[in-house]
Amino acid sequence: MACAPNRVRLMCMLSLTFAFFIVEVVVSRITASLSMLSDSFHMLSDVIALIVALVAVRFAEKTQATDKNTFGWIRAEVMGALVNAVFLTALCCTIVLEAIERFTEAREIERPQVLAGVGLAGLLVNLLGLCLFHGHAGGGHGHSHGGKKGKGAKSHRAGNGTPGETNNLVGNHSSSTDACQTDVSPKESSEVQINGGAQYEDVDNEHNTSSQLNMRGVFLHVLGDALGSVIVVINALIFIFVWQPCNKDELCVNPCIDSHATDHYHGNHTLLDLRGSPTAASAKMAGPCWVLYLDPTLCLIMVCILLYTTYPLLKESALILLQTVPKQINIHRLNERLLNLDGVLAIHELHVWQLAGSRIIATAHIKCHDPTSYMEVAKRIKDFFHNEGIHATTIQPEFVTFSSESQDSLCELSCRTQCAPKLCCGAGDKKAAGDLRAIGESPEPAAVFLVQPQVIVTSEVESSL
Amino acid sequence: MLPLSIKDDEYKPAKFSLLLKLSGWIRSILADTTSRNLFFFLCLNLSFAFVELSYGVWSNSLGLISDSFHMFFDCTALLAGLAASVISRWRSNDSFSYGYVRAEVIGGFVNGLFLIFTAFFIFSEGVERALEPPDVHHERLLPVSVAGLLVNLVGIFVFQHGGHGHSHADHGHGHSHSLFNGSAGHGHAHHDSHHGHAHHDSHHGHSHGGHAHDGHGGHEGHAHHGGHQGHSHHDLDDERRLGSSKQILQGVLLHIMADTLGSVGVIVSALLMQNYNLMIADPICSMLIAVLIGVSVVPLLRESIGILMQRTPPSLERALPECYQRVQQLEGVYNVQQPHFWTLCTDVYVGTLKVVVAPDADARWILSQTHNIFTQMGVRQLYVQIDMAAM
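Chains as they are written, first to last, in the numbering used here: chain A, 1019 to 1483; chain B, -1 to 389.
Bound conformation, chain A alone:
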């Protein structure tokens, strides 16, 4: 199966990245470099993204509905994207706080050579990861990681390339996994003559757009990684060449480190001793202080870049989880065109939402004349939805009762009066139902009204989007 190599690569990259993460954390402790620490955090988030991608690949392949998860595990990738985005944001906040602390209490980087070396190694691993995933960019991973926060460790970078690719799961994975296995529902629908069997024809379009999204995500991610590693190396090099440290055996003063704010001290402890000493004037001064502030500054820049690139991912997955109507679907037009179909008198409770990636689900109540005409209308409705790219639809028919010829727009199945007050978002439905009665015969204004029942109600709660 075409998906297996994906998994192998993911596992490879995952282990490599995790190993480098450990290395970076250790090095950051040794060298006391904030940029290395933030780089290691970024690598950790890459590890998480990779794990999420692996889980998504594994679970997305089993789309069998279980009793508990009737939709299968497809949402897992959206959740994974959200978890990753939140985690990154939390990491960014932590780095910001640490950077601010560094501003108040500057700290020297120790052993900058190690820093530079590890950073370069990270850069190489990053490039390796990029090559490894280059051919599979369309294979369902786009990572809008971007901007690592000043990762000191270059080894970071290597890991970043790959995990980056695994992140824009939302768009990509479903398209790739659709190609990998057949969906369950077409089989079911073919068993019985159901009006309008579903076929998955236009998944190809989805592939193209989502793979473009992926490539862009990958590119952004790799760019961010590169930037992070470059910053770390720059930091290390500047420190090596510009900073004049205090050696342990000579008498020197470090003017950059205040004594009052430190409880734990890496560098020289001689400052206090020399304060009152007569030899203070001839003591050597440690290197230019601005070098010490370079580290946190660069980290802050990286944090900004990271947040900027993480935000779209966060927003997209949050919107999907909020059951929003997919961007490419215009509900108004959908409603109008549905009403234009023969035999459709009215539409209620139309909901269109995205399960994950290209899986869009729609539900509606359709009012028709009688059961016999419903059979033909149902097929047309299904085809209409398929043309829109919505393949999983559930259409509930409502039939006109003799007494309500003039009230096309009311829901026949007392769902309105019974359900409306109980909707957690639809207290306005009840009042709107009253308004609907005033509508004339023609379905057109009814349809327009349908989409705005809740808004008629005055309330202090505004939807301010």
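Please note that a few of the clues may not be correct.
[To be verified] Simulated restraints, written as ranges between beta carbons of each label pair:
(1) 19/B <-> 1260/A: 36 to 42 Å
(2) 1307/A <-> 24/B: 43 to 49 Å
(3) 1355/A <-> 151/B: 56 to 62 Å
(4) 1142/A <-> 92/B: 45 to 51 Å
[To be verified] Output of the computed footprint for chain B on chain A, the stretches with three or more beta carbons under 8 Å from beta carbons of chain B:
(5) 1026 to 1033
(6) 1101 to 1112
(7) 1137 to 1150
(8) 1407 to 1416
[As the list claims (entries may be wrong)] In silico DSS-like links for lysine-lysine, alpha-carbon gap of 30 Å or less:
(9) 19/B <-> 1333/A
(10) 1345/A <-> 19/B
(11) 1333/A <-> 1397/A
(12) 1333/A <-> 1086/A
(13) 1086/A <-> 1345/A
(14) 1345/A <-> 1333/A
It is worth saying that the hints were derived from the structure and are not from the lab.
None of these values were measured; they are calculated from a predicted model.
Glycine included, every Cβ here is placed at the ideal spot set by N, Cα and C.
With chain A fixed as given, assemble chain B onto it according to the hints.
For chain B alone, kept in the frame of chain A given last:
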């Protein structure tokens, strides 16, 4: 009232006026008990954090400064809860046909994630300090942690007293407990360890795990899923409001409890260290607290993840197969296919179903019967698709 134009349904506040928007938000925040409590508690926390920060800067204590940063971090959790409670009340529109009600679940989930992150950080800090015991200064931090503890206790009192929706998923009752424990207080006494480390040192996980509610005696307004038919609108409004904040409040409550235990742990370990010189007490406390926090967050996370993954509602799980049986026993029904039941937000269930019927069956009757069957269980939005079997 007929619409004047196609765009009339999109009444939105004037976008150009930021002030108008802000005042609208403030009004909506103050309108609801939950968000009002959250807002005031957030202000309390913020002011405490600022006071601590300024005191730390003035006295040049790194521990206090980093502790105040930790409080700011906690404020973001409160902010997330507040935002979620405001957003979830917005009206539905074209892009959000179900409204924004899912925001509450996402808010609770994000809070849970933050808590996990916090627990992880505290644990790593504890490990780090166990390996390299630093000098710990307690003089200035003890009063601060006591003050933080008091703020936290205020938060616990406010939120436990405030909103409540009770739900025991296992009982299938449809009670939703909103545990709002605004994580109040951050009274962490920040142990000055090595470098600028994260400020979650003295977080204490709280042993809150099993929803042990003490003061939930007098809660009315329970949502019973047994017989929804006769509810008055007012009653439903209450239910709706209480039920819909459950996740947020649970997340916030966990946060406050975590902070409270943090303060308590700091005080305890400080006392231990001062009186018995047990230096190992500090990291052990931290690690214990981190584990407690992690464990207590798991129920919240499990529930939110279940909802967000479109999982069958746990309270309906047992009753659903029986309902399918009843539908299949209706006259003319051959089969029930592709049932999907999921939770929109707390206590609101949506379901879709495909029913295969004989060509000569009475579709109308089958539809209304099916609706009755499922409405009795509390599924508020049901879509039943009738498919005629080929003969």
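Verification of the hints:
The supplied range of 36 to 42 Å is broken by residue 19/B and residue 1260/A, whose beta-carbon atoms lie about 49 Å from each other. Between residue 1307/A and residue 24/B, the C-beta spacing of about 45 Å keeps the proposed range 43 to 49 Å intact. A hinted range of 56 to 62 Å for the beta carbons of residue 1355/A and residue 151/B is consistent with their spacing of about 59 Å. At about 50 Å, the beta-carbon gap between residue 1142/A and residue 92/B stays in the expected band of 45 to 51 Å.
Restraint check on the region 1026 to 1033 of chain A versus chain B: 0 residues with Cβ-Cβ distances below 8 Å, three needed, restraint violated. Residues of the region 1101 to 1112 of chain A lying with their CB closer than 8 Å to a CB of chain B number 6, which satisfies the three-residue condition for coverage. With 0 residues having a Cβ less than 8 Å from any Cβ of chain B, the region 1137 to 1150 of chain A misses the three-residue criterion, and the hint is violated. Proximity of the region 1407 to 1416 of chain A to chain B, defined as three or more residues with a beta carbon under 8 Å from a beta carbon of that chain, is established by the 5 residues found.
Our distance criterion of 30 Å between C-alpha atoms is met by residue 19/B and residue 1333/A, whose separation comes to about 21 Å. Pair hint residue 1345/A plus residue 19/B holds up; C-alpha atoms about 25 Å apart against a cutoff of 30 Å. Using a Cα cut-off of 30 Å, the hinted pair residue 1333/A and residue 1397/A is violated, with the two alpha carbons roughly 36 Å apart. The straight-line distance between the Cα atoms of residue 1333/A and residue 1086/A is roughly 28 Å, inside the 30 Å bound, and the hint therefore holds.
Taken as a hint, the residue 1086/A and residue 1345/A pair is honoured in the structure, with Cα atoms around 29 Å apart against an allowance of 30 Å. For the suggested pair residue 1345/A and residue 1333/A, the alpha carbons sit about 13 Å apart, so the restraint of at most 30 Å is met.
Hints 1, 5, 7 and 11 from the list above are not met by this structure, while the remaining hints are.
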